[in-house]
Amino acid sequence: MKKKIWLSLSILGIVALLFVFASCGGHEHSFDTNWQKDETNHWHTCTVEGCEEKSNVAAHTYTTTEVPAKCGIAGKKIEACVCGLTKETSIPALEHDVLENVVAPTCTEDGYTELSCKREGCDYKEVKNIVPASHTIVETVVAPTCTEKGYTQRDCSVCDFSEIVNETDVVAHTYEEKTVEPTCTEEGYTANVCTVCGDTLEKTDIVDELGHDKINGTPVAPTCTEKGYTPVTCSRCDFTDKSEFVDELGHDEIKGESVAPTCTEEGYTHVTCSRCDYVGKSDFVAAAPHSYYMEEDAREDEHYRVIEIPTCDQPGKKVYWCFTCNDYPFDGDNNIREIPALGHDEQYEIVLPNCDSKGATIVTCSRCDYNSTKDEVDPLGHTYYKEADAIEGTHFVVTLAPTCTEKGERSYYCQVESCGKLATDDTNGKGEIPALGHNWVVSVQPWCGNDSNFEYVCDRICREVPCTEVKTEKAQEEVRHTYDPELVKVFETCVDYAIYECPVCYKDFTAYAGDEVGQPTNVHSFDSVFNVTAPTCTAKGYTTYSCTAGACGLTEDRDYTDITPHTLGDVSENGTTTCQVCNKSYVDVTAEKVTGSDALCICGQDPCVCGGTSADWEGYAKPKEPMSITANEKFAINEVEWADGKHALSIGDGLIVLNGTEETEYTVVIYAENGGEAIATFTVSGAYVMIDLYQHETVTMVEITSTTDASVSFYKTI
11 MKKKIWLSLS
21 ILGIVALLFV
31 FASCGGHEHS
41 FDTNWQKDET
51 NHWHTCTVEG
61 CEEKSNVAAH
71 TYTTTEVPAK
81 CGIAGKKIEA
91 CVCGLTKETS
101 IPALEHDVLE
111 NVVAPTCTED
121 GYTELSCKRE
131 GCDYKEVKNI
141 VPASHTIVET
151 VVAPTCTEKG
161 YTQRDCSVCD
171 FSEIVNETDV
181 VAHTYEEKTV
191 EPTCTEEGYT
201 ANVCTVCGDT
211 LEKTDIVDEL
221 GHDKINGTPV
231 APTCTEKGYT
241 PVTCSRCDFT
251 DKSEFVDELG
261 HDEIKGESVA
271 PTCTEEGYTH
281 VTCSRCDYVG
291 KSDFVAAAPH
301 SYYMEEDARE
311 DEHYRVIEIP
321 TCDQPGKKVY
331 WCFTCNDYPF
341 DGDNNIREIP
351 ALGHDEQYEI
361 VLPNCDSKGA
371 TIVTCSRCDY
381 NSTKDEVDPL
391 GHTYYKEADA
401 IEGTHFVVTL
411 APTCTEKGER
421 SYYCQVESCG
431 KLATDDTNGK
441 GEIPALGHNW
451 VVSVQPWCGN
461 DSNFEYVCDR
471 ICREVPCTEV
481 KTEKAQEEVR
491 HTYDPELVKV
501 FETCVDYAIY
511 ECPVCYKDFT
521 AYAGDEVGQP
531 TNVHSFDSVF
541 NVTAPTCTAK
551 GYTTYSCTAG
561 ACGLTEDRDY
571 TDITPHTLGD
581 VSENGTTTCQ
591 VCNKSYVDVT
601 AEKVTGSDAL
611 CICGQDPCVC
621 GGTSADWEGY
631 AKPKEPMSIT
641 ANEKFAINEV
651 EWADGKHALS
661 IGDGLIVLNG
671 TEETEYTVVI
681 YAENGGEAIA
691 TFTVSGAYVM
701 IDLYQHETVT
711 MVEITSTTDA
721 SVSFYKTI
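FYI, in the working numbering the residues of the sequence shown are 11 to 728.
It is possible that some hints are incorrect.
Quick list of in silico lysine-lysine cross-link-like pairs, DSS-like style, CA-CA up to 27 angstroms [said to hold, decoys possible]:
hint : residue 1 : residue 2
1    : K417      : K396
2    : K224      : K265
3    : K396      : K47
4    : K87       : K138
These are calculated hints, taken from the structure and not from any lab test.
All chains, please: the whole structure from these sequences, using the hints.
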């Protein structure tokens, strides 16, 4: 079937080529490879201008493919012609083919009805009509005795469930005096005995057991298999025994008929006994081998039978008949042979290609679920509308609207009648829509007081969101404030500017000395010493000057002098000392507790600069944010985010300020540039601690460990 179909297609192709090269009317025909069609026929048209010839004109021939209906899902029948014309018919969905499985309740598990669908591949399941589990109880009341408690026993008549309830205590013994005579094996006595359970209290008047009074009976003769003996009994009780044994006689064998061996059983001779009913065997002969018919012309059910049926891809097995024992003995490789696999009974279905699906030959087997695809043909590919006069909604849709600054996108429909799909990821079916550009609208006109600028806003709505772009353009001529000298608002004696109110915009504006608006002349003149502040060990000294122009009264501090050294007291045992002037405590650089550079100075509870440094607090710039130190975790840093950007930790004249929420002990290690060697290691306590590194030209890394959570800030001179 497959060969016939492809042969037909090949002939059609050759005929098409003949039409291409056929000569008619002085020109060669050239036919379009795309099919043209109407309701009944399809054909190829001639591409030569003015030529109306057609080739391969034929009525539509449909190949039917059926998608079977399933439970709750409709199927469909698809008829496809080689020209791309398709017809599709719906197949109604199936209802479930319900199978009911009723599960009866037990003592411990509920009963129910389980519904499922018999059809293969349908996973419908439902459970309904649930019946609760329950026991079938039978009660037995047992009265108490003098040895055991009473109770009610509840048993299930269906299963092994059992329980005991309502227990009652044991009752008292009921004793009475009893005299017991001696026997052959037991002593006699007098005692109180419970009439219910037989419990016996202390025994009295004990008499020894009598022993047996033995009597010999009639001797029993021996047989072939059993000994002879004399029976012994007792005259007082049921005692029995045996004595005076005689050995068994053994069989007096007589040989009978012989049985020949078969291929499954050995041969032998029958044996009987002249004195008893013994039957036995002797003179055994080994079994003979099987006799099989295993020729190529062997017939089934006469010479062999099949024990495993072969399938398409699995061999079967057959066992041969034995003519000696008239049976099919399973004798391993001696009489069991393999039946070759059948191979697939191939059935072929041709699936034609379309725009985006491959064509192929689907191969199945009539005997099994084998399925294979071969002779694949590539998809035909979409043919999209791309004409300049394409109509939106008919030939394309806008899939991404353009904005003021971004391009848009349109997706075209496929021209193939049986397809008509909209392009998705195929760039051949995509088109670009240019960006719209801003639609500027003036929002602010230039006028005095706004730097003489035009301001524009874009009034487009881009993808349902208003455009927020704004632009400013300088006016060709600046619009300046006007002024009235009579409208001056500020004109003091010691300023170099005046403030006017513009009569046009009613805003205040400032006119500086030299401006054409106005020319204030009076400026400050700080040339009179107002006060001299001497330096201390914590602050610089300076001279305060006052303005002598008019009645200004302003002052200015200048002529700073360096701070004086601390007047240090004695060093305490913990390595701290106190200034006798400012009363500030700090770690003595000579104490054993501090190692490293003697330029290190650490102050106590308030910020301070000690040791005669030239640091000026007004000349320090603080970084953007303090950094956090977690209690008992090492904090290490080799670069700092200063206010003017991130720099390596080279703070030769900088400060480190540690700030805790409570009294905190800090361990600090400072490393130099030369290979990571520590140049200072120390421990200091306080809620607020400052470390002055002003004499270290380079610091590569600082490590800090604190006993509580704290923050660290870095300062540097500017």
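Going down the list of hints, with the structure as the test:
Our distance criterion of 27 angstroms between C-alpha atoms is met by K417 and K396, whose separation comes to about 18 angstroms. This hinted pair does not check out: K224 and K265 have alpha carbons roughly 46 angstroms apart, beyond 27 angstroms. At most 27 angstroms may separate the alpha-carbon atoms for a hinted pair to count; K396 and K47 meet this at roughly 22 angstroms. About 37 angstroms separates the Cα atoms of K87 and K138, which puts this hinted pair outside 27 angstroms; it is violated.
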